[in-house]
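These are the residues of each chain, in order.
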Amino acid sequence: MTTEAAVHTDNHDHGHHDHPAWLAHHFDDAQQQFDAGKFGMWMFLVTEVLFFSGMFCAYVLFRNRNPEVFEYCSSFLNTKLGAINTGVLLFSSLTMAWAVRAAQLKQHTLLVGMLGATLGCAAVFLGVKAVEYTHKWELGLLPGKLYVAQVENAVHADHHYLRNVLIVPLIYTVIGLLYYLYSIVISSRLHRQIAGPVFVSGVCFFAGVLLGQYLESGDHGDHAAHASHSTSHGDEAGHDGAASSHSGTDVATANAATPPLTLVSDSSRLLNPDVFVSPVEQEIPRSDVNNQGMAGLFFSIYYCMTGVHAVHIIGGMVVIIWLIVKAARHEFHSQYFGPVDNVGLYWHLVDFIWIYLFPLLYLIT
Amino acid sequence: MSAVTSPITAPVTTEEKVEHHYLNHSSGFLSWALTLDHKRIGMMYLAGILFAFFLGGVFALAIRFHLWNPNKDPDLALFTNQTYNRIFTLHGAIMVFLFIIPSVPAALGNFLLPIMLGTKDVAFPRLNLSSFYLWVIGFIFFSFTLATSGIDTGWTFYTPYSIETTSSVTPATFGVFILGFSSIFTGLNFIVTINTMRPPGMTWFRMPLFLWAVYATSIIQVLATPVLGITVLLLAMERLIGIGIFDPALNGDPVTFQHFFWFYSHPAVYIMILPAMGIISELMSVHSHKGIFGYRMIAYSSIAIALFGFLVWGHHMFTAGMSDITTIVFSALTFTVSIPSAIKVFNWVGTMYQGTVAINTPMVYALSFLFLFTIGGLTGLFLGALSVDMHLHDTYFVVAHFHYVMMGGTLVAFVGGLFHWWPKMTGKMFNDAAGILSGVIVFIGFNLTFLPQFVLGTRGMPRRYASYVEEFQELHRLSTIGAATLGVGLLVAGIVLLHSLFYGKKAPKNPWGGATLEWECSSPPPHDNFSSPPSVGDPYDFSKIEYDGKSGGYVKK
Amino acid sequence: MNMSILADIQEGFWFPKAASSFADRVDFLYFAILWICVIFFVPIVAAMIYFTYKYRQRPGYRGSTEALHNNTIEVTWTVVPTLIVVWIFWEGAAGYLEMSRVPDDTLDINVYAQKWNWSFKYKENGGESNILYVPVNQNIKLIMQSKDVLHSFFVPAFRAKRDVVPGRYTYMWFRPTVEGVYDLFCTEYCGDSHSNMITKVHVVSEEKYKAQLAEMVKEPEDIIERGKWFYQRKACMSCHYAGEIGAKGPGPNYNGSWGKPVKLSDGTEVIFDEQYVLNSIRNPGSQKRAGYENASAMPAYSKSDLKDEQVDAIIAFIQSLKDAKP
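Protein chains in written order, with numbering that gives the first Met the number 0: chain C, 0 to 364; chain R, 0 to 556; chain V, 0 to 325.
The hints are simulated quantities; they were obtained by calculation from the structure and are not laboratory data.
Only a predicted model underlies this, so the values are computations on that prediction, with no experimental measurement involved.
C-beta atoms are modelled at their ideal positions from N, C-alpha and C, and glycine is treated no differently.
Treat the hints with care, since some could be wrong.
[What the hints assert, rightly or not] EDC-like cross-link-like pairs, simulated, lysine to aspartate or glutamate; straight-line CA separation at most 16 angstroms: (1) C:K144 - R:E163; (2) V:K247 - R:E163; (3) R:K543 - V:E65; (4) V:K247 - R:D74; (5) V:K209 - V:D311.
[To be verified] Partner residues are not named here, just some residues of chain V that face chain R (Cβ under 7 angstroms, in silico): (6) C36; (7) I43; (8) G59; (9) S63; (10) T77; (11) V78; (12) F88; (13) D162; (14) D191; (15) Y291; (16) Y300; (17) K302.
Taking the hints into account, I'd like the entire structure generated from these sequences.
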């Protein structure tokens with residue numbers, strides 16, 4: 000990365016005479032500060048990769064042990080939603096890279112726009128994820144010992160998980176909207192540039208939710224086909240349930256009601272421990288072993304991996320909002336764009352991890 | 000505050016004007032709490048970890064006094080079994096996570112690294128301060144654990160016991176998680192500082208060996224700690240919602256937990272010992288007034304240990320039922336670590352050859368390190384040999400072995416380093432004779448505590464036992480007497496240091512005759528370390544350093 | 000390999016009595032390493048002390064300041080230790096393989112580890128015991144499983160150890176060579192009474208072994224005696240004190256409790272009767288006593304673990320302790 004050696008004169012009026020405000024006192028020059036920041040970011044990314052590697056190892060170990068459980072359970076993940084999220088994240092990586100370039104070229108408005116676009120993509124991702132999660136919770140596809148395979152326990156349609164999950168984003172969006180209106184009232188460019196992306200990202204989240212709802216409901220036939228396909232003793236009941244029609248208006252109930260039937264048919268397999276215990280492993284058949292343990296394990300790994308990834312997305316969103324504030328204040332220029340560059344690196348990594356998660360979890364069959 | 004000699008204040012005979020240094024650069028609570036100065040952060044760390052060490056030490060004495068009797072009748076024992084289990088768990092957890100891991104890198108390293116390197120500060124001062132506060136938060140989590148129902152899993156948190164016990168494992172795992180991040184940030188900061196901020200002339204092979212050691216340590220901190228983070232996070236999830244990955248009752252696998260845990264915790268052993276080795280390299284050469292023997296070998300062996308350290312975690316699980324081939328491979332890899340460690344010991348002894356060996360407090364600690372660490376290292380051979388390990392695994396032999404390395408090694412080096420750099424950090428000289436006395440008592444007490452434990456272990460005494468078979472009583476009593484002696488020795492050391500703060504003579508710039516950059520700053524160093532970039536030379540070139548009777552220290556001729 | 004004669008080593012300073020076929024090999028390697036350590040340690044410390052004295056700082060003396068570096072010496076002290084550790088590794092691994100490869104002609108014994116009790120089941124006649132009985136000079140294979148947490152089976156006299164891992168079988172074998180009684184420890188930390196999870200191994204002659212097995216399957220006729228018999232064999236005694244035997248805690252003791260009211264942790268009170276005992280065995284979490292909230296949980300005993308008539312016998316046993324001093 001080449002930076003101009005000249006010190007910017009328009010940006011320092013305090014501190015040491017040869018240290019502009021954006022250059023920390025203990026660095027000799029802009030180049031050193033940039034190098035240190037970037038190298039630090041790379042080190043941080045290494046720790047992130049290792050952090051995830053623990054879960055990838057757990058995934059490999061348990062999948063290796065029980066490949067058929069993974070294949071079977073994976074069919075309950077909605078490939079279309081996963082694919083859409085992959086696309087959204089890839090696009091956000093593009094906008095992020097563009098933002099870095101805008102920062103270098105002092106294109107402040109474009110920079111805010113690109114960061115806002117990245118923020119919006121992140122929100123869409125989370126919206127889709129919220130639908131995926133809550134849909135699974137309603138079916139009882141929960142991690143570990145919370146996993147429920149019996150149909151009578153499985154339908155949690157009355158739990159309104161999605162509605163509860165939406166409360167926080169709703170507050171976020173309303174605050175964003177109020178802030179935006181405020182910025183218009185006081186006609187401040189700075190506040191408008193910050194409030195706009197925040198509000199839009201809130202709206203994007205709900206757009207993601209709607210998209211998720213639509214696709215999740217339209218996917219049942221496919222879904223069951225997957226499920227029965229993966230089992231050697233495919234059950235007819237699966238197709239029966241899947242074939243049930245769903246009206247456009249009654250999406251939520253159709254959602255909750257149909258898939259459990261496919262579950263019932265296949266849960267008989269889950270209840271039979273012999274299928275899941277490979278003879279090599281010599282597991283002790285125990286009276287107190289939860290027979291759904293294996294399927295629960297898959298969902299444990301699924302929730303841990305995607306959950307920790309989602310936490311990283313949320314963390315990324317917070318940092319991007321911080322960048323937007325700085326960008327709206329026109330702080331970045333060719334000598335000082337390290338923060339945008341480093342957050343960009345982080346964002347690409349988060350994207351990159353998802354690119355691994357998607358095939359490993361969704362595309363097993 | 001310059002010495003204005005008005006007729007009234009004349010009796011104040013300070014001829015020289017009051018020096019400006021980092022301690023009086025600014026004052027007030029916030030000037031410390033929000034400081035970005037690596038020296039102040041280092042001092043805050045020092046205070047914190049010494050407090051943690053005190054706590055851990057009290058628990059250690061409690062363990063030893065409990066084991067004075069075999070405790071076959073629980074009514075007559077000092078503690079109940081449950082209390083005993085909590086005490087030894089907290090002893091281990093506090094010593095490992097709150098004391099030893101941050102001890103040398105975060106306290107001494109923070110203070111010394113930028114000065115030794117010749118820079119004004121570490122690369123990310125804010126991150127540095129946040130590491131310290133993360134440490135404090137981790138400490139609070141542990142205190143919370145202590146205040147509630149304690150924790151009784153052993154510091155290793157082995158599942159499934161850690162899943163089903165009713166003690167406060169969850170807050171402890173969060174504490175470990177947070178302390179892990181503190182450690183990662185410190186390591187990251189140091190790596191970046193060394194890589195990008197070396198002043199002109201400071202090439203890699205002009206770095207003092209302490210910095211090489213801290214660099215190697217930082218690599219481990221950055222690469223291994225995240226795995227611990229995810230492991231304890233999964234364990235917390237295991238307890239909170241029962242994800243089942245480590246729980247055999249849900250088809251999980253407890254041995255997987257052990258692999259995850261030791262993938263961090265074995266390299267963590269090197270996080271603990273490598274910086275101590277760095278200290279010893281400095282101490283041996285400075286107090287022998289002689290260049291270090293085989294500089295490059297020591298530097299390379301630090302990196303070699305750091306890398307090999309990642310491949311040997313399985314030796315904690317030789318009896319856990321891994322396949323034969325895995326077990327044998329891990330055993331072979333384990334032995335590879337012994338070679339670089341042996342090289343270092345030989346080099347340190349070689350450094351003294353034909354030198355001018357000063358007998359003072361830091362050197363006494365350094366010599367007892369050599370003695371104790373050699374025992375610690377050599378007894379590792381017993382445990383690496385598979386068939387012998389089948390007998391010694393999880394016995395007191397292991398306890399003695401790792402105390403010889405962790406305590407006889409790291410702690411003794413840490414105290415030696417503390418004495419060595421104390422004049423630099425505080426600007427005060429301590430009473431050397433009393434310091435030497437503390438070193439001797441610690442040495443005797445240490446050996447008395449842990450030598451009997453080798454015999455106990457070989458005779459089959461399992462570790463983590465609240466009561467034991469009568470035949471072991473004499474050896475246990477010997478060990479307890481030793482622990483009390485050790486406590487006294489450390490107490491003396493503490494008193495010597497505290498005493499110096501109030502009554503110590505002013506320290507000269509270079510009291511020991513060191514050639515590294517920190518001895519070119521005044522004691523204590525000024526706020527910005529160096530007003531102009533220092534001229535960097537060979538860190539072990541003692542030929543031009545002469546004793547100067549007037550200042551009581553050494554000067555460069 | 001006539002190990003049985005060699006193995007008859009008297010108890011020494013370092014080791015307990017060697018009583019298994021691989022003890023000698025372990026001891027040999029141990030002492031070999033010990034001597035190697037001495038050979039390294041003594042010169043290092045001697046050099047250290049000698050240099051400290053000879054080159055001590057004193058008036059009128061000034062040593063060299065130049066850093067030394069000597070390739071020959073450095074290579075030597077790298078290569079020699081390397082060769083030595085290669086030998087140690089080799090010998091250790093060979094000894095380990097002998098321990099881990101179970102021979103074909105073994106006498107199989109099932110081992111059940113449970114907090115804080117060892118239980119051994121013999122294939123010959125289904126007998127069960129808490130003390131391990133093995134015939135001398137026969138290959139014994141242990142098939143081990145844990146009912147709760149990690150444990151580790153360790154007999155110092157045999158120099159043999161193996162973790163017992165819940166959810167999978169682990170195996171170990173040994174050939175006891177000297178008759179006698181030896182300590183058997185749990186060496187993997189397993190909770191409150193980890194240090195009480197010790198028992199004995201009786202290495203006996205073939206005839207005595209057969210006699211022991213026959214003895215084991217004889218349940219006492221008297222119901223109270225039978226209750227006590229189960230109390231000792233079903234791991235009750237590792238947490239509950241009864242009469243004058245068993246561990247004092249972490250569970251409540253049996254003495255003098257029958258028929259008295261029991262305060263529960265939810266504030267209610269029940270009478271210590273048949274129903275309460277049955278509940279406490281089948282579903283221990285349901286009626287937890289006040290004051291025991293933080294004690295380690297008692298495991299649930301299903302009907303296959305403890306039959307109803309066995310519970311009846313235990314009830315009779317507890318009832319018999321109605322007036323015993325707590």
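Violating hint indices (sorted, rising) = 2, 5, 8, 11, 15, 16 and 17
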